[in-house]
Amino acid sequence: MRVALDLLGGDHAPDAVIDGALLAVDRDPTVEVILVGPPDVAAELLAARGATLAVVPASESVAMDEQPVRGVRTKRDATVRTIHRLVREGAADAAVSVGPTGAVLAGAVLTLGRLTSRPAVAVVVPTAGGPVVLLDAGATSEGTPEQLVAFAVLGSAYAEVLGVRQPRVGLLNVGAEPGKGDQLRKAAFALLEQAPVRFVGNVEGHDVPHGGPADVVVTDGFTGNVLLKAVEAASARSDLPRSALLLGVAGVSVVGHGAARADDVAACVLHAAELARQGLLPRLREVLSTREEAS
Amino acid sequence: MTAEQVLDLLRGAVVTVLEVDGASLGRSTRFVEDLRADSLALVEIVEMVEEDLIRTHPGFRIADEDLDRLLTLGDAVDYAVARLR
Numbered sequence: 022m023r024v025a026l027d028l029l030g031g032d033h034a035p036d037a038v039i040d041g042a043l044l045a046v047d048r049d050p051t052v053e054v055i056l057v058g059p060p061d062v063a064a065e066l067l068a069a070r071g072a073t074l075a076v077v078p079a080s081e082s083v084a085m086d087e088q089p090v091r092g093v094r095t096k097r098d099a100t101v102r103t104i105h106r107l108v109r110e111g112a113a114d115a116a117v118s119v120g121p122t123g124a125v126l127a128g129a130v131l132t133l134g135r136l137t138s139r140p141a142v143a144v145v146v147p148t149a150g151g152p153v154v155l156l157d158a159g160a161t162s163e164g165t166p167e168q169l170v171a172f173a174v175l176g177s178a179y180a181e182v183l184g185v186r187q188p189r190v191g192l193l194n195v196g197a198e199p200g201k202g203d204q205l206r207k208a209a210f211a212l213l214e215q216a217p218v219r220f221v222g223n224v225e226g227h228d229v230p231h232g233g234p235a236d237v238v239v240t241d242g243f244t245g246n247v248l249l250k251a252v253e254a255a256s257a258r259s260d261l262p263r264s265a266l267l268l269g270v271a272g273v274s275v276v277g278h279g280a281a282r283a284d285d286v287a288a289c290v291l292h293a294a295e296l297a298r299q300g301l302l303p304r305l306r307e308v309l310s311t312r313e314e315a316s
Numbered sequence: 187m188t189a190e191q192v193l194d195l196l197r198g199a200v201v202t203v204l205e206v207d208g209a210s211l212g213r214s215t216r217f218v219e220d221l222r223a224d225s226l227a228l229v230e231i232v233e234m235v236e237e238d239l240i241r242t243h244p245g246f247r248i249a250d251e252d253l254d255r256l257l258t259l260g261d262a263v264d265y266a267v268a269r270l271r
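Chains as they are written, first to last, in the numbering used here: chain A, 22 to 316; chain B, 187 to 271.
No wet-lab data here; the hints were simulated from the structure.
Warning: the hint list may mix true and false statements.
Under 8 Å between C-beta atoms, here's a sample of chain A residues computed to sit facing chain B [unchecked claim]:
(1) PRO60
(2) ARG94
(3) THR95
(4) VAL130
(5) LEU131
(6) LEU136
(7) SER138
This structure is a prediction, so every number in the text was calculated from the model and none was measured.
In this text, a Cβ means the ideal position worked out from N, Cα and C, and glycines have one as well.
Could you build all of it, start to finish, from the sequences and the hints given here?
Structure (structure tokens):
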């Protein structure tokens with residue numbers, strides 16, 4: 022599996038990225054990493070480590086404090102565009118970046134296109150009762166009820182690809198009873214009852230790390246991101262995911278924390294390779310099209 | 187290229203990105219207020235139209251600093267037609 026990796030993304034780039042790439046290929050020699058960034062920077066780092074990896078040139082990065090869409094629009098040679106272009110052209114099987122999520126999303130959407138109307142950041146949290154897919158964990162700050170329904174359909178299809186049969190979909194809320202929450206939650210609840218998913222009603226924050234009532238937990242990106250970071254900070258568990266999938270773009274694209282260290286970058290690369298190896302995209306397309314036919 | 191042809195291209199891009207009914211789209215349709223397009227959707231639409239127009243007009247590009255002024259489909263059509271001359 023060939024993974025295109027953004028050399029310039031993240032707080033500790035490029036050193037943590039290149040070290041993560043080398044760790045990943047060491048752990049799984051079937052994985053080939055294509056570094057995407059300035060060739061002189063890559064050459065120097067590789068020479069210092071006595072290592073060899075393929076390099077595809079890209080000269081620009083989108084900064085954390087930059088408006089992500091505008092940044093990607095103006096920087097045609099941005100690494101977040103090039104990693105996805107390689108996937109689109111078939112030169113890579115998956116793309117990985119630990120740069121700003123908004124910029125990676127923009128790069129993915131503008132280069133690969135959308136698989137469904139609304140992409141989301143999806144995180145799979147392992148629990149005793151099986152995996153819980155949380156989405157959106159940060160792609161869209163201000164969600165609409167229709168978007169939450171789109172996330173429910175997408176997340177449910179992803180859970181099915183992960184092996185969950187007839188995934189139960191819950192709406193993240195401040196209480197389990199119907200009628201709870203703000204206007205967004207109330208409107209989304211009504212729409213989800215009519216949506217082509219197995220909607221089981223409201224769930225609460227603790228249902229994500231503990232599992233139980235739902236296999237898929239749907240929320241807006243703002244709330245999802247806050248919840249995810251709180252779960253990560255409060256939990257001593259070492260099995261929490263260090264990578265997330267951009268679900269809903271027409272290719273495999275994995276994002277990691279901006280603060281990622283080499284080990285985290287390696288986890289993102291191996292996750293992306295595994296998703297590509299499992300045929301995530303064709304399987305998602307198949308599940309989504311079967312559901313469309315059935316509805 | 188005529189304004190009507192550019193409007194057709196633009197309408198196609200809007201339908202693809204925002205999944206709305208093309209028949210409801212006219213020159214006065216507003217991207218943000220009427221179509222609820224966010225910044226990413228707007229840039230997707232722009233890049234889709236650029237990709238189409240670049241085939242017949244190499245180098246065609248909507249200047250980034252002009253994007254904020256294109257509030258309606260009609261604004262975008264007039265802008266593109268003026269640049270294609």
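Each hint tested on the structure:
1. PRO60: Because about 26 Å separates PRO60 of chain A from the closest Cβ in chain B, which is outside the 8 Å limit, the hint is violated.
2. ARG94: Holds - the Cβ of ARG94 of chain A comes within 8 Å of chain B, reaching about 5 Å at its closest.
3. THR95: 5 Å, holds
4. VAL130: The hint holds - VAL130 of chain A has a Cβ within 8 Å of chain B, the shortest such distance being about 6 Å.
5. LEU131: 6 Å, holds
6. LEU136: 13 Å, violated
7. SER138: Where the cut-off is 8 Å and the nearest Cβ of chain B is about 5 Å from SER138 of chain A, the hint holds.
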